[in-house]
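Here the structure of chain H is known, so what remains is to put chain V in place on it, guided by the hints.
Read off the chains here:
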Amino acid sequence: MTATPPPADASSRRASAHVRLTGIVKSFGAVVANRGASLDVARGEIHALVGENGAGKSTLMRVLSGMYAPEGGTMEVNGRDATGWSTAEAMASGVGMVHQHFMLVPTLTVAENVMLGSELKRGVQLDRDRAVREVEELSRKTGLAVDPRRTVSDLNVGEAQRVEILKALFRGATILILDEPTAVLSPGEVAELWGVLRTMRAAGSTIVLITHKLDEVMQISDRITVMRQGATVGQMSTSGTTPADIARMMVGRDVTLVGSSALGLGDSAPRPAQGELALTAAGTPTSQTLDVRSLTVRNSRRQIAVDGVSFAVASGEILGIAGVEGNGQTELIEAIAGLRAIESGSILLDRHDIAGMTVRQRADLGLSHIPEDRHQRGLIVEYSIAENLILGQQHHFSNRGVMDAARIGANATTKIAAFDIRPPIASLAARTLSGGNQQKVVIARELGREFKVLLASQPTRGVDVGAIEFIHKQLRDARAAGKAILLVSADLAEILALSDRIAVMYDGKLVVLLPRGAASESVLGPYMTGAAESAA
Amino acid sequence: MINPSSAAVVADGSRQPEMPARRFGQGAVAEAVIPAFVALLIAALVGDLLILSFGQSPGAVYRQLFDGTWGNAYGFGQVLYKTTTLTLTGLAVSLGLRAGLFNIGAESQLAAGGFCAALIGLILPVGLPWLLVLPIYILAAALGGGIVGGIPGVLKAKFGAHEVITTIMLNFVVLALLNYFVAVHLKAPGSLHTKEITAGAIPRLETIYAGFHGSAASFVLVIALATVIAVWWFLFRTRRGFELRATGLQPAAAEYGGVIIGGVWMRAMIASGAIAGLGGLNYVLGYKHYYEEGFAGGAGFLGIAVAVVGRTHPFGVVLAALLFATISQGGLAVNALVPKEFVDVLQAVVIIAVAASVPEVRNLLRAGRRAK
Chain H
1 MTATPPPADA SSRRASAHVR LTGIVKSFGA VVANRGASLD VARGEIHALV GENGAGKSTL
61 MRVLSGMYAP EGGTMEVNGR DATGWSTAEA MASGVGMVHQ HFMLVPTLTV AENVMLGSEL
121 KRGVQLDRDR AVREVEELSR KTGLAVDPRR TVSDLNVGEA QRVEILKALF RGATILILDE
181 PTAVLSPGEV AELWGVLRTM RAAGSTIVLI THKLDEVMQI SDRITVMRQG ATVGQMSTSG
241 TTPADIARMM VGRDVTLVGS SALGLGDSAP RPAQGELALT AAGTPTSQTL DVRSLTVRNS
301 RRQIAVDGVS FAVASGEILG IAGVEGNGQT ELIEAIAGLR AIESGSILLD RHDIAGMTVR
361 QRADLGLSHI PEDRHQRGLI VEYSIAENLI LGQQHHFSNR GVMDAARIGA NATTKIAAFD
421 IRPPIASLAA RTLSGGNQQK VVIARELGRE FKVLLASQPT RGVDVGAIEF IHKQLRDARA
481 AGKAILLVSA DLAEILALSD RIAVMYDGKL VVLLPRGAAS ESVLGPYMTG AAESAA
Chain V
1 MINPSSAAVV ADGSRQPEMP ARRFGQGAVA EAVIPAFVAL LIAALVGDLL ILSFGQSPGA
61 VYRQLFDGTW GNAYGFGQVL YKTTTLTLTG LAVSLGLRAG LFNIGAESQL AAGGFCAALI
121 GLILPVGLPW LLVLPIYILA AALGGGIVGG IPGVLKAKFG AHEVITTIML NFVVLALLNY
181 FVAVHLKAPG SLHTKEITAG AIPRLETIYA GFHGSAASFV LVIALATVIA VWWFLFRTRR
241 GFELRATGLQ PAAAEYGGVI IGGVWMRAMI ASGAIAGLGG LNYVLGYKHY YEEGFAGGAG
301 FLGIAVAVVG RTHPFGVVLA ALLFATISQG GLAVNALVPK EFVDVLQAVV IIAVAASVPE
361 VRNLLRAGRR AK
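Listed in order, the protein sequences are those of chains H and V.
Oh and the first sequence: position 487 is 487 in the working numbering, straight run, nothing missing.
Oh and the second sequence: position 138 is 138 in the working numbering, straight run, nothing missing.
None of these hints come from the bench; they were simulated from the model.
Predicted model only: the values in this text are computed from it and were never measured.
Treat the hints with caution; some may be incorrect.
Unchecked claim - Rough simulated footprint, nothing fancy, chain V against chain H, three-plus residues with beta-carbon under 8 Å:
(1) 353-364
(2) 385-395
(3) 399-411
Note that beta-carbon positions come from the ideal geometry of N, C-alpha and C, so glycine has one too.
One chain only, chain H, in its complex shape (with noise of 0.2 Å):
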């Protein structure tokens, strides 16, 4: 592994203990989030911070850099006693933390956003000229590379995070906290990350690295800390252990490793069962259950967004569409789920044009899509599960205009059931769920009904192993039952998992469409960045 070795025995790692956390307790009413979890990190270490979403891994995070006072357990950072500080105070300590989320002003310059409440002042005015030669002096050093000039709204997401990197930096951070930092990024991106945490760590820094992929644990980290329920489960070096492992300490079981992204083996992966992939693959498509021909999108900024795009999905077959987020896959979901206006081309379902149709008039034609944003657009999180699993097809469960209780409610006793949401309380609203429960939801009311075509763009993010592993599941069960599904992810590792066939989009074009035996990251990495094109 690319690990180096961490300080080889207890004593020595202990002297160079840059943050100790023990029996650390935060609850949050009755929702217990640590529960006496620990952490140990050395200096000058990847630490990886790895469990289930809702494991409580953010929240002791937070607790570390001040945001929440813990309500029993120890804080020790350098040595010295930390418990319960202040942000002031963890920052003036060195710890930096870049949050999931970006917490950049985007009309404001890169050199601006870095010194934002820090900001170097010559008399009354702020020395903007100091600004960038300190951020690109900080740039050069690290190896973040980008602009103080530019102003923040025109980066790409994998700039925004530099940025976010730099501002910590620019505070002096020696201890750096990313909080599932490539969720946004390219495979090439995240290399650059690595690149730029290797340095950080030769120059002394500490990492702790919050993520649930566990081939990121692998290619990073020293030294892996697992969190399961609020508390630590086990730590242990990065060398000395197997993703699987990691995985059944995660989950508290045996998780199958097949296909899962999370466990993210890319090309390693063994593949789905080779007989089930050349009945689908191989065999002759009889019917395009969805054919969309020529069609160009604009996006909300009247740019070209999708550009003259055409492909067809075979019933029983998964079409992947990979590649880097921004390049049209959200517009392209959306001109097909009738949620965008289109500026021309054809969308053909089961031989219908559905261009012109409604949104409701699609779903009734077998149209099912789980959307990328469940927060936004997949769930209403204010509404129950029972009103969740129900939404967009309120009108089969209401009888001249009144909504039938009896039915929503026995729709909601099966599907509850049927995908395992957790808890199993139908008038819980769909935001006290956790995020992988939260996608159940919107899995069982798509794939719980009947369907021919299936748009699933970005099914597994953000929820853990366990739900991973049951969402690929009932993809693949779909596909099964003769389904067509339009996958789109950003993480190549569930495309490459899931795809019969596989196309890579890239500036609103798909640039190469392959079938699965055909690809791998590595063939698949430079369309993806634009570096290779081709005629698909």
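Relative to the frame of chain H, chain V by itself:
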């Protein structure tokens, strides 16, 4: 290498304890009631200080306020009269808010509803029984308010014009137009109101309970309460209500769920305007029997406060309307002890306290229940 201090691997995969279902219902009620209660307390406290600054005893003033409102049948009748209008305007604003729209135009919708009802009243032949003409009046008032509410609805749905701007602007336009019609074409000589309507006025409540004698409360109260129940049933029992609330909470999710957002906005604004318009019946047919310039008197604007204090729930709106009506009527009762502006201040404090405390108190309560 397993760290000895933290190697206590949890043996079984037992899940986190499930959240008890009862918290859900209980919390919702507490969440709705506590902020209003806190707001009242704050208002009472500020009221105390204000009364003391006038050299009066708070106890005496509040007693007077109570005696003049809930303490006798006439006063209570007046409270009910004011409650009627405020319930309808509060309900109108609430319905808009439930759809994600901020209808500031209840004032002019209320006026337009009253105007249309008066117009019909002047045309209808004298001596028709009120039960026969009532549906016509209801229709006319709803139509008047509905048109005024519908214009911003259409502008929002078709052109994305913000309803706050358009409803505020329409207030000026509509009120000025109505005044023009009354002043130039309809006014009775030597007045600022139309001629008296003689066809089928709505009876006052004093006809069933003599104690209300002299108070303006009328059977429009029954219409208001029926509207409250109808709106509640619509919001929480029908498919359109499900879709309207979804639109208000998360338009993107509603759209995904097959709801045509523009249509919901349009219908919600029309309905909101129509409900505010019904409020016009209270003054025009239940009380004065003519349309008078400026009769709305801020009841439309106060409807915004009623909606917020009532947490946009139809039943909450009734309680909030009762509260504001009591304060307003109480102002007349305590006039001898403190200036009548005292109640305006009191009302303002309630509004500010609710506006400030509602999100705060709610967040506090929610922080205790939130999972993450």
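Hints, verified against the model:
For the segment 353-364 of chain H, the assignment as covered by chain V holds, since 4 residues bring a beta-carbon within under 8 Å of that chain's beta-carbons and 3 suffice. Under the rule that three or more residues need a Cβ within less than 8 Å of chain V, the assignment of the segment 385-395 of chain H holds, with 5 such residues. Counting residues of the segment 399-411 of chain H whose CB lies closer than 8 Å to any CB of chain V gives 3, so the stated coverage by that chain holds, three being the minimum.
Of the numbered hints listed earlier, not one is contradicted by the structure.
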